[in-house]
Amino acid sequence: MKLLIKIVLIAVLSYFAGPYFPWWFAGLVSFVVSALIPGKHAHSFWAGFVAVGLVWLGLALRLHWQAQAPLTQAMAQLLQVQEVPYLMVVTALVGALVGGSFGLSGSTFRSLFIRKRRDRYYS
Amino acid sequence: MKFLKFATSLLLSGALFYFLHFSHGIIPPLGKLLDPFSGFWQNATSEALAPQEDISIPGLQQPVKISYDSASIPHIQAQNLHDLYLAQGYVTAQHRLWQMEFQTMAAAGRLSEIVGSRAVSYDQRQRRKGLGFGAENALSMLEKDTVLFSYVQAYSEGVNAYIRQLSPKDFPLEYKILNYNPEPWSPYKTTLLLKYMADMLTGGDVDEQNTNALKLLGSSYFALLYPDFPEGLDPVAPAGTVWDFEPVAVTTPENVQFPLLFSADSTEKREPGIGSNNWAVSGSKTASGSPILANDPHLALNLPSIWYAMHLQSPEVNTMGATLTGALGVISGFNDSIAWGVTNATRDVRDWYKITFRDSRKEEYLFDGKWLKTQKRIEEIKIKGEESRFDTLVFTHHGPIVYDENYQTSHSLAGFALRWIAHDPSQEQRTFFQLNQARNYKEYTEALPYFSCPAQNIVFASNQGDIALWVQGKFPLRWQDQGKFLLDGSQSAYDWQGFIPQDHAVHILNPERGFVSSANQHSADANYPYYIYDNSFEHYRNRRINQRLTAMTGITPQDMMALQMDNYNLKAAEALAVILPSLDSLSASAESEKIKKALQQWDFMNTALQSAPAYFEIWWHYFYRELWKDLWAQNKALRWPDSYVTIAMLQNFENSIFQDNDTLLFHHDLRDLSQSTFAQMVDSVARWEEKEQKPMEWGRLKKSSIQHLAQLAPFSVDNLMVDGNRSIINANSGRNGASWRMVVELSTPVKAYAIYPGGQSGNPGNPAYSDFIEPWRTGKFLSLHFPARGDSLSEVYRSHQLLPNPEQP
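As you go down the protein sequences, you meet chains W and X in turn. Taking my numbering, the leading residue of the first sequence gets 1, the next gets one more, and so forth. Taking my numbering, the leading residue of the second sequence gets 1001, the next gets one more, and so forth.
Hints are not guaranteed to be accurate.
[Said to hold, decoys possible] Computed beta-carbon distance windows for the label pairs: (1) X:Ile-1055 / W:Gln-73: 31 to 37 Å; (2) W:Gln-77 / X:Ser-1388: 32 to 38 Å; (3) X:Ala-1633 / W:Leu-93: 53 to 59 Å; (4) X:Ala-1633 / W:Gln-77: 22 to 28 Å; (5) X:Lys-1780 / W:Pro-70: 58 to 64 Å; (6) X:Lys-1002 / W:Val-84: 27 to 33 Å; (7) X:Ile-1055 / W:Gln-68: 26 to 32 Å.
Everything labelled a hint here was simulated from the structure, so no lab data went into it. Note that the Cβ used here is the ideal one computed from N, Cα and C, for glycine as well.
From just these sequences and the hints, can you work out the full model?
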């Protein structure tokens, strides 16, 4: 459940704040959410990974379809992945790795200050 | 343990951030670039033009209306010139920002700031040949022209107003890929752009190659291979033009004996194929009775295109045509009363002077027996991701030392100073500013004298019925052969003695033949009372154009468009007339019989789908190289005699250098040579067809392309099937060709047609990035919407307003 909350929270925050901040903002969101909401380190990683990965993938798909422009294909060639689907995967993966690693950092950061494991929710 | 975990994961995140945030060599900053919120995804658009809101712009005095037609051409209506040029800057930046900045960075030698150390050598060369120096000189002259300068500043404000409102997600794509930010525009950048053009069009010479050739061949053979005025010229000013002025005297120094020096390396050569056509026909030859003007400048074809089509209107001016991104006004275009167009005048305006320095510190150099002081200038070349490098430039009164121990040490021009018109203070911008407003021949001639470099054949037609052409530029007064070879920089006798007066410039007005034209040929014949020189005057397009225009009557704009697309290969017709008959006795295979027959039946049209033009081009390539192989074998910087001179010699083979027993060089038997090179061609065609698995076609062999300005391959358009070749009116030779085609009929109202190989948008993610290429390729034109002054556009696709900033006083 907490995992799901984290995923939704990271996804919603990074989606709505995304247009106003630099690319690494999704990582920051992931860090902060994982630092505030307790959970296993692995869960924090996967929460960020899934949330940011999905947001980036979803938005990339939407922009690609909306524009119907050959730009995505050209970028796939420029970045040496050749095909649009691979470029989508790479985009999602970059977002996912950023979300995941910063989520993990947030979670391990949190544990520096928590002596015992107990359930506690921040509102 | 906890801390270790934290430290490890933080390190991981940090490493990831570092990798994704910065560029690494050619790898772009992937995080920034792929982020769908602000990366490249944001640059893809389905519509050429999105609806735009009204925007307030500081510095604007009155509202400006900007309407786009369905071809994405902006029509700017302002209430005064200041606002007009501010809006021109704003709108140009909106569609072409990256390109306009990149071109000036290239001119200034600042590409290392963008792409890192691989551009250092390029940057060093740009600075050493003095482009920045020339731009500074032009700027200080522009600043004195206070009225014009205020408009150039307004243009600059317009560009900067656009840059200021950009957030990183709106940056043009190339900034994201190359990971840098746009910097503010300035009037200096406008002068840099004009020097970029001067370099493109006059940035080469063959003084060194000529010197080598003279040393090798002696003066009589030199004159035979490289005549200043070959037989049968068809110059800009028709043969027989009377020069009714007293020429300025030029003193030839005593005892000049060329060659003065000897060298072994090579300078840059101008890309052959950079040339242009323009002409104007008088009403006596047209169907409507109004003059028609046509212009197609040929350049290296790039995306975004060097040209941006615009219509500029204020109470003072109503003009439309091709603008240069970064310069004020229209460069090749028309207004309600006149039209004008440009081709390169192709005149040598660069000389090299050998400098004798007092010692290795290069602080003094010998001149007329005295030691003059040099000036030094330290250039900082900033490099992305690395420490800056510094280069010291040494200037003499001639100009900069381009090559020395700090740059291409072994270059044979090391220690020579470059004297080049492009360094001189000049006001090219004023010429266009005035031309845009000119209403008649008189005002056209008043606009011209400000134009120094790159010298242009500026064609003119007016709705009063005048047609004219001035060869406009600043040309040194030279004695015979001065500047054809390397010069001695230690004596004032070798310096330029001044410039050809403006009134003495080559020009024609309303000639009896009913047309004026230019296609980079000789400005005038040998009767012109000044010594003019260039190594690359053209000999084919001009004759074909003049033959056609002489023959044509009842001309319509459509006829002129068709003439711009004319593919007749005059060179092939003349060359094959000599070499094809020598295949008579060839015992041939079926394949070579087929090829021979194709050439015999060829109509000399270089169309992409025919095979014969490909056969000719390959055969001529082998033939010509074999013919002049003794020059090649010298292993020195030497020039090849041009095709025109070569073919003239072939026509008179028995009496040519090829049969001359006084020299052992260049001996040939025409029959053997034709047959052996024909066989080479047949082989080469077979190999090509086997490799490509396709029948030989000219367009496939030529492989025309339009390349992205920063060579980003996916943003280039390759493998286009395009007709034509160099030396043909439709001058597409692969990388070079017609960069803008325009036909204007000076009727009331003016009718104008144009097209260029690109599109109005500079954004590779925009449908208008390359949408003109297909019509351009197939010879179709846009019919330009040009409402009279005060009238509004009939067909508006998008429009919005630029508004003065209300908070400003």
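- Hint says 58 to 64 Å; check whether the CB-CB distance for X:Lys-1780 and W:Pro-70 agrees. Violated - the Cβ-Cβ distance for X:Lys-1780 and W:Pro-70, about 22 Å, lies outside 58 to 64 Å.
- Go ahead and decide if the range 53 to 59 Å is satisfied by the Cβ distance of X:Ala-1633 to W:Leu-93. holds (58 Å)
- Message: Just to be sure I understand the hint, the distance between the Cβ atoms of X:Ile-1055 and W:Gln-68 should be within 26 to 32 Å; is that true here?
- Response: Between X:Ile-1055 and W:Gln-68, where Cβ atoms are some 27 Å apart, the hint holds.
- Query: Is it true that W:Gln-77 and X:Ser-1388 lie within 32 to 38 Å of each other by Cβ?
  - Reply: The hint (32 to 38 Å, Cβ to Cβ) holds, given that W:Gln-77 and X:Ser-1388 are roughly 34 Å apart.
- Query: In this structure, is the beta-carbon distance linking X:Lys-1002 and W:Val-84 contained in 27 to 33 Å?
  - Reply: The hinted range 27 to 33 Å is violated for X:Lys-1002 and W:Val-84, with Cβ atoms some 43 Å apart.
- Item | X:Ala-1633 paired with W:Gln-77, Cβ distance criterion 22 to 28 Å | With Cβ atoms ~43 Å apart, the hint is violated.
- Query: Would you say the C-beta atoms of X:Ile-1055 and W:Gln-73 sit inside 31 to 37 Å of each other?
  - Reply: About 33 Å separates the Cβ atoms of X:Ile-1055 and W:Gln-73, which means 31 to 37 Å holds.
Hint compliance for this structure: hints 4, 5 and 6 are broken, all remaining hints hold.
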